[in-house]
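Visitor: Please put together the full structure from these sequences, using the hints given.
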Amino acid sequence: MIETLIKSGIELAIYMLEAGLFLYLLLWGRSRRRVGVSLYIGSLLAVDAVGRNWVLHHYGFQSLQYYYFFYVTDVLLALSAFLLICSFFRRACLERRQMWYNLRLLLIFVFIIVVGISGISLSQSRVAHIVEFEQNLYFTCLVLNTVLYVLIQHVHAADDELDLLTCGMGIQFAPPAANFALVFLTHGQHYIGVLQYVTPLCTLAMLALWFYAIAWKPRTAAARVEGKGVRSLAQVPVYKA
Numbered sequence: 020m021i022e023t024l025i026k027s028g029i030e031l032a033i034y035m036l037e038a039g040l041f042l043y044l045l046l047w048g049r050s051r052r053r054v055g056v057s058l059y060i061g062s063l064l065a066v067d068a069v070g071r072n073w074v075l076h077h078y079g080f081q082s083l084q085y086y087y088f089f090y091v092t093d094v095l096l097a098l099s100a101f102l103l104i105c106s107f108f109r110r111a112c113l114e115r116r117q118m119w120y121n122l123r124l125l126l127i128f129v130f131i132i133v134v135g136i137s138g139i140s141l142s143q144s145r146v147a148h149i150v151e152f153e154q155n156l157y158f159t160c161l162v163l164n165t166v167l168y169v170l171i172q173h174v175h176a177a178d179d180e181l182d183l184l185t186c187g188m189g190i191q192f193a194p195p196a197a198n199f200a201l202v203f204l205t206h207g208q209h210y211i212g213v214l215q216y217v218t219p220l221c222t223l224a225m226l227a228l229w230f231y232a233i234a235w236k237p238r239t240a241a242a243r244v245e246g247k248g249v250r251s252l253a254q255v256p257v258y259k260a
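Letter 238 of the sequence shown, counting from 1, is numbered 257 in this note's numbering, and no numbers are missing.
Hints listed in this document are in silico derivations from the structure and should not be mistaken for laboratory results. Each hint should be verified, as a subset may be incorrect.
Unchecked claim - Derived lysine to aspartate or glutamate pairs resembling EDC-like cross-links, with alpha carbons at most 16 Å apart:
1) K236 x D182
2) K26 x D67
3) K236 x D179
4) K236 x E180
5) K236 x D178
No experiment lies behind these values; they were computed from the predicted model shown.
Guide: In structure tokens, the structure reads:
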């Protein structure tokens with residue numbers, strides 16, 4: 020009973036943050052540099068809050084339909100995350116076109132390698148291929164996100180929002196990837212139960228950090244600048260005739 024309440028509470032918090040952040044991006048936070056974030060949040064909302072719940076309600080948890088839908092949408096979310104990280108690389112190299120051109124070719128090459136390695140499991144079964152591809156893409160996103168963070172520090176990109184968005188992606192990918200590795204190395208199915216809590220909590224932390232970076236921090240920064248402006252005006256000496 021307590022387990023169910025905890026899971027439901029975490030899921031509800033995730034849905035609220037997804038919906039709130041997506042609405043904020045649509046109504047007040049629209050900009051070209053946030054298109055990737057908007058699409059990723061939209062895909063999370065469509066899959067997590069709408070799609071999976073609809074299939075679960077109509078077919079049940081043990082159904083084959085839900086089983087396939089869950090893993091296929093997991094791959095779609097992993098692809099969305101990969102594309103989002105690519106857009107972050109582009110944003111970090113906004114003033115360095117040649118660097119972005121080279122990185123773009125490298126990212127395409129990395130994706131082809133992931134597809135090729137995952138294709139080996141296709142001879143076993145399609146489901147195994149889907150799961151293998153998803154896990155490989157997860158690890159790839161984690162590595163690329165780490166490289167992205169190092170790149171941001173190297174080029175000294177004056178983009179605090181991108182910094183926090185990248186940190187959020189790190190929170191999203193690192194613990195689940197570690198858990199995947201633990202399951203794979205120890206062949207321990209009991210570790211899969213941990214993933215039921217780790218992944219949603221990481222998603223919740225990522226969304227909270229993104230909400231702070233996109234919606235909250237710009238307002239506090241603007242208020243701070245405005246306050247400094249008022250104080251500086253107050254300090255201007257007034258000439259008395």
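Visitor: Now tell me if each hint is right for this structure.
Guide: Hint check results:
no., hint, verdict
1, K236 x D182, "12 Å, holds"
2, K26 x D67, "14 Å, holds"
3, K236 x D179, "9 Å, holds"
4, K236 x E180, "9 Å, holds"
5, K236 x D178, "12 Å, holds"
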